[in-house]
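S.K.: Sequence:
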Amino acid sequence: MIYDLVFLNGRVMDPETNINAIRSIGIQNGSIANISKEILHGHIEVDISNLILCPGFIDVHSHEHSDEYYALKCQDGVTSVFELEVGTNDIDKWYDERENKTLVNHGVAIGHIQVRMKVFDHPSGFLPQSDSPAALRADRIDQITKEIEYGLRRGAMAMGFGIHYVPAATRWEIVECFRLAKKYDVCCHVHMRHFGAQEKNGSLAALQEILALGACTRAAINVCHVHSTCLAATNKALELIHDAHRNGMDITTEFYPYLAGCSSIDSALFNDDLWQEQLGIGYDSLTYVNTKEQLDINSFNKYRKEGGLIIINSIPEQAVIDCLQSPITLMGSDALRGHPRAAGACARVLGHYVRERRVITMMEAIRKMSLLPAQRLESASRQMKGRGRIRVGAIADLCIFDPMIVKDCATYEEPKLPSQGIVHVLVNGTFVVRNGKLVTMDKSTKLPGQAIRGVIRD
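First residue of the sequence shown? That's 1 in full-length UniProt numbering, and the numbers climb one at a time after it.
Wrong hints could be hidden among the right ones.
Said to hold, decoys possible - DSS-like, lysine-lysine: derived pairs with alpha carbons at most 25 Å apart:
| id | residue 1 | residue 2 |
| --- | --- | --- |
| 1 | 101 | 446 |
| 2 | 118 | 37 |
| 3 | 416 | 443 |
| 4 | 101 | 385 |
| 5 | 305 | 292 |
| 6 | 407 | 443 |
| 7 | 292 | 407 |
| 8 | 446 | 182 |
To be verified - With beta-carbon atoms standing in for the labels, derived distance ranges:
| id | residue 1 | residue 2 | range |
| --- | --- | --- | --- |
| 9 | 294 | 170 | 33 to 39 Å |
| 10 | 185 | 259 | 31 to 37 Å |
| 11 | 434 | 363 | 51 to 57 Å |
| 12 | 68 | 318 | 46 to 52 Å |
| 13 | 391 | 445 | 28 to 34 Å |
| 14 | 283 | 392 | 54 to 60 Å |
| 15 | 455 | 4 | 55 to 61 Å |
| 16 | 273 | 16 | 45 to 51 Å |
| 17 | 235 | 446 | 44 to 50 Å |
I should point out that these hints are in silico values taken from the structure, not numbers from a laboratory.
Ideal placement from N, C-alpha and C gives every residue a C-beta, glycine not left out.
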């Protein structure tokens, strides 16, 4: 058979079957049609000797969904990008805005934060302001849950939470939301109620709230960025999450491979005057993204009134390593402009933590960035069953990279530098990166990225 496209002599790594061998791959009509020890033939044949071919990476936690950042994601080996924490309050509009217009596959959650912003008439934006009714009022639960259920019926891929950003949300409000997630068989992607390693109102107390909800409602859970929330208590949080998983709870967690977080300076994260003690940092550990200015108390108070993003240097590296070595922790970049994680998270795992530090194996790194996130989303959409693995019949979302040179290039000073060593990337069988360069496509034509969407019931 003559295939549409053939890759020859590449080292194929599939985290589902653990195959790690030289194979030829035949692509036909956007899917993997053959995996062979023999030489295959195609209308296009590409020799990928000395390169690794693996499933395209799946980022379940990204807040940047513009053409610019989709392009950076492609150059980091990512083929599917999801906004599953903050989410949206209008599922139809979100998907309509991207129909046939994206390089990558894409999907979104119905977001508890965003629904609260709609219900309490907050101006549109990323997060509610710290003193807004959306953050500080505890009523209108019936209206909130009605909006969330409508989003689930319109095909939301998950239910997203940022409880820390809406501190007035009662525990019962979150219970009602978890019940809806279980009803529609989607995962709750949760930024927990508190951060820090302290005993009172700390991350472990917040985690216990989420574990109790999982036990009572049997809703699936993904704990967002456990390392940047739990900090020095990350190892203990992971112990609890692993115990829950072993005892039958459908739970995973996620991390990104950097030692600094990023968020909005005017959000409720900083409502508590004890935030410095909780994070274990001072003002000088904060950098204002717009000016790259290291803050002090005066500049912090100034920008808190103005709003904007800040880099938060608070994460112990051991917390990152603990997450890398956890078998149920997947990689989600938490992409935000101004932070290098928006451009280089996958390559950083492969280059820094696999090749240079040898913290985990290459296969385990690939699993965290492809199969594990695909499996996390399969209950919401059957489209994910054909992604995150290399097998006949799977969608040809592929990443081909050079393991000897792959690395992240983005920095805090230059956060939009594309990664190095990502040689070819295919989305639904179409090249979006070829020979290390982004493929230029005519925007007047249909781009290869597809909407990944749950069941539409209305």
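S.K.: If a hint holds in the structure, say so; if it doesn't, say that too.
M.R.: Results for each hint:
no. : hint                     : in the structure
1   : 101 with 446             : holds (6 Å)
2   : 118 with 37              : violated (55 Å)
3   : 416 with 443             : holds (22 Å)
4   : 101 with 385             : holds (23 Å)
5   : 305 with 292             : holds (17 Å)
6   : 407 with 443             : violated (29 Å)
7   : 292 with 407             : holds (24 Å)
8   : 446 with 182             : violated (35 Å)
9   : 294 with 170: 33 to 39 Å : holds (37 Å)
10  : 185 with 259: 31 to 37 Å : holds (36 Å)
11  : 434 with 363: 51 to 57 Å : violated (25 Å)
12  : 68 with 318: 46 to 52 Å  : violated (34 Å)
13  : 391 with 445: 28 to 34 Å : holds (30 Å)
14  : 283 with 392: 54 to 60 Å : holds (56 Å)
15  : 455 with 4: 55 to 61 Å   : violated (31 Å)
16  : 273 with 16: 45 to 51 Å  : holds (49 Å)
17  : 235 with 446: 44 to 50 Å : holds (47 Å)
Of the numbered hints given earlier, the model fails hints 2, 6, 8, 11, 12 and 15; all others are met.
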